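Participant: Position 154, counted from 1, in the sequence shown is what the UniProt record's numbering calls 154; the numbers after and before it change by one each time, with no gaps.
In case anyone wonders, no lab produced these hints; they're calculated from the structure. Everything numeric in this text was worked out from a predicted model, so none of it was measured. Only true hints are included.
Here are the computed distance ranges between Cβ atoms for each label pair:
| hint | residue 1 | residue 2 | range |
| --- | --- | --- | --- |
| 1 | Arg66 | Gly187 | 44 to 52 Å |
| 2 | Gly109 | Pro70 | 15 to 23 Å |
| 3 | Arg299 | Gly109 | 43 to 51 Å |
| 4 | Ala246 | Asp206 | 24 to 32 Å |
| 5 | Thr31 | Ala246 | 19 to 27 Å |
| 6 | Pro6 | Asp186 | 43 to 51 Å |
Ideal Cβ positions, reconstructed from N, Cα and C, are used throughout, including at glycine.
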Amino acid sequence: MLTPIPCLLMRGGTSKGPFFLADDLPADPETRNAVLLSVMGSPDLRQIDGIGGGDSLTSKVAIVSRSQRPGIDVDYLFAQVSVSQRAVDTNPNCGNMLSGVGPFAIEQGLVPAIDPVTPVRIFNVNTGKVIEALVPTPSGEVTYEGEVHIDGVPGAAAGIVLNFLDAAGAKTGKLLPTGQALDIVDGIAVSCVDFSTPIVLVAAADLGISGHESKAELDANAALLARLEAVRQAAARRMGLGDVSASVLPKIAVLAAPAKDGSISSRYFTPWACHAAHAVTGALCVAAACLIPGSVASRLVRRRADQPGRIAIEHPSGQLETQVELPAAADGEPPVIRRVGIVRTARPLFSGQVLIPGTVWKKAG
1 MLTPIPCLLM RGGTSKGPFF LADDLPADPE TRNAVLLSVM GSPDLRQIDG
51 IGGGDSLTSK VAIVSRSQRP GIDVDYLFAQ VSVSQRAVDT NPNCGNMLSG
101 VGPFAIEQGL VPAIDPVTPV RIFNVNTGKV IEALVPTPSG EVTYEGEVHI
151 DGVPGAAAGI VLNFLDAAGA KTGKLLPTGQ ALDIVDGIAV SCVDFSTPIV
201 LVAAADLGIS GHESKAELDA NAALLARLEA VRQAAARRMG LGDVSASVLP
251 KIAVLAAPAK DGSISSRYFT PWACHAAHAV TGALCVAAAC LIPGSVASRL
301 VRRRADQPGR IAIEHPSGQL ETQVELPAAA DGEPPVIRRV GIVRTARPLF
351 SGQVLIPGTV WKKAG
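Could you put together the complete structure from these sequences and hints?
Facilitator: Structure below.
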């Protein structure tokens, strides 16, 4: 016997995965995680017995429900399903998958569409933060066709603006979890910043690399990966996150001055392999760090005087642009970042039912 579960397979930014209504999944987290592992086909490097793509970027799940919170339209829970292990992590957020939440909510009737753009206020359950998505809905219908191109995705599509509101301290409650912009951790200078997601920022030069290497080059450097993991774990303890040997948070990013016309170069790790492009939440955190005096990022960033809030992040697949809104900060104080905006694209790929063995979960009714 097989259990059918309605789902919509979507590309969100540079990621991909199934989107579910929360009511279509088990309420119990343990059973829900077992269902998600079965849906994706984990643990298995090819995920051959599920719909996962054998890569961390295509083994992601979005769970959406109508929100009961005042001023919020929908709640969004992100789940990172491990490819190789029997593990589901709901600690991090995923900004790429987030770009599909607004369209999904409208298509599912959770939010009424208005012409020409529908704002969708999203509460991210993982971080407790609010994001406003501006979804193109000409004539009251979601459109996916447009002229916006994002590096890491072929072609062009309709742009979806994501405004991250009050995202500082997403996991630790502080923009600077250690209380300072720069720390020496395991013999290396790092900045521990928590904006949208907690990240440990390291200068590439301090690791003996340029910071402009390809994903393949970095993933093949076993000594570098081991060094980054040692720094990440040591920094996590200082950030109050404890033992993170089995957790994907905090992430780690290796920074360098831009190689082209961007503001800064970043190689973002997920955390045990380099991202093929760049996580949205990670980009927001890097952008915020660029505006923190004394941070690793602030020493490397090149900002334009005519566009002080623009931070364009170079990554292995191209570039990702953010816009930071902030008031003037007092001397010596970290900035109070009001919002960071980013433009992504998304589109549905397949609508139907995913089938899992009834022994995993037999849906009531």
